[in-house]
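Asker: Work out the full structure: start from the sequences and follow the hints.
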Amino acid sequence: MRHIISKFTLRTDPELLKKFRYVAGYNARSANRELEIIMRRHILDFEAKYGKIELE
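Oh and the sequence shown: position 42 is 323 in the numbering used here, straight run, nothing missing.
If you are wondering where the hints come from, they were derived from the structure by calculation, not from laboratory data.
Possibly wrong hints are sitting among the right ones.
[Stated by the list, open to error] Below, simulated BS3-like cross-link-like pairs (lysine-lysine); rule was C-alpha separation at most 27 Å, straight line:
| # | residue 1 | residue 2 |
| --- | --- | --- |
| 1 | K299 | K288 |
| 2 | K288 | K300 |
| 3 | K333 | K288 |
[Said to hold, decoys possible] Okay, the calculated beta carbon distance ranges per label pair:
| # | residue 1 | residue 2 | range |
| --- | --- | --- | --- |
| 4 | E296 | L336 | 28 to 36 Å |
| 5 | P295 | G332 | 32 to 40 Å |
| 6 | E335 | V304 | 26 to 34 Å |
| 7 | E337 | V304 | 29 to 37 Å |
| 8 | E296 | E337 | 17 to 25 Å |
| 9 | E296 | E335 | 33 to 41 Å |
| 10 | R292 | A329 | 28 to 36 Å |
Using N, Cα and C, we set each Cβ at its ideal position, and we do this for glycine too.
Answerer: Structure (structure tokens):
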């Protein structure tokens, strides 16, 4: 089965993006993969505090 990948545009300060890419590289990840991992952790933390997010 094919995975569906969503795209979105992020507008941010250039210096912040450079630092973020540096951190991602340090972790041997692309900036995209680093952001995906951060998002997953954030959602897990949120759900631990407020309960599982139910999507339709």
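Asker: Identify every previously stated hint that the structure contradicts and give their numbers, smallest first.
Answerer: Of the numbered hints, just 8 does not hold.
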